[in-house]
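Engineer: When you get a sec, could you build the whole thing from the sequences and use the hints?
Residue 70 is where the sequence shown ends in the numbering used here, and the numbering goes up by one at each step.
Incorrect hints may have been included.
Said to hold, decoys possible - Here are the in silico distance ranges between beta carbons for each label pair:
id, residue 1, residue 2, range
1, 47, 21, 21 to 27 Å
2, 11, 42, 35 to 41 Å
3, 32, 6, 31 to 37 Å
4, 16, 48, 26 to 32 Å
Unchecked claim - Lysine to any residue pairs mimicking SDA-like chemistry, simulated, CA-CA at most 25 Å apart:
id, residue 1, residue 2
5, 25, 52
6, 20, 2
7, 20, 49
8, 20, 4
9, 20, 33
10, 25, 42
No lab work stands behind these hints: they were computed from the structure.
A virtual CB, placed ideally from N, CA and C, is assigned to each residue, including glycine.
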Amino acid sequence: MHGYTHTEGGEQPNVQTCVKYSISKLATLLERLMALQEGAGNLLDNCAILGFTECTEGRSHNAQAQPGIP
1 MHGYTHTEGG EQPNVQTCVK YSISKLATLL ERLMALQEGA GNLLDNCAIL GFTECTEGRS
61 HNAQAQPGIP
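Structural biologist: Put into C-alpha cells, the structure is as follows:
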C-alpha cells in the first residue's frame, strides 16, 4: 500500500481498496467486541478504541491542506 500512495495517479483506486480493507477489519473487531457480554453490557462498552487510516493525503502523508484539495 505504501508504494501505491506515492506512485498511483488519479483518485488512487488501489489505495482506496487497501484503506477499505483495513477499515472493514476494524469493523469486524468492533462487531466481535460488541457480541461479547460483559457485566450489564458488552465488551465494546468498556473499551476505548481509536481507529484511523494512517494515510491522510496519500501522496505526501501530510494532514495539511493540499493544493487543489479543499
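Engineer: None of the hints should be skipped; say for each whether it holds.
Structural biologist: Here is how each hint holds up against the structure:
| no. | hint | result |
| --- | --- | --- |
| 1 | 47 x 21: 21 to 27 Å | 22 Å, holds |
| 2 | 11 x 42: 35 to 41 Å | 37 Å, holds |
| 3 | 32 x 6: 31 to 37 Å | 34 Å, holds |
| 4 | 16 x 48: 26 to 32 Å | 28 Å, holds |
| 5 | 25 x 52 | 12 Å, holds |
| 6 | 20 x 2 | 15 Å, holds |
| 7 | 20 x 49 | 18 Å, holds |
| 8 | 20 x 4 | 14 Å, holds |
| 9 | 20 x 33 | 20 Å, holds |
| 10 | 25 x 42 | 19 Å, holds |
Violated hints for the displayed structure: none, as all numbered hints are satisfied.
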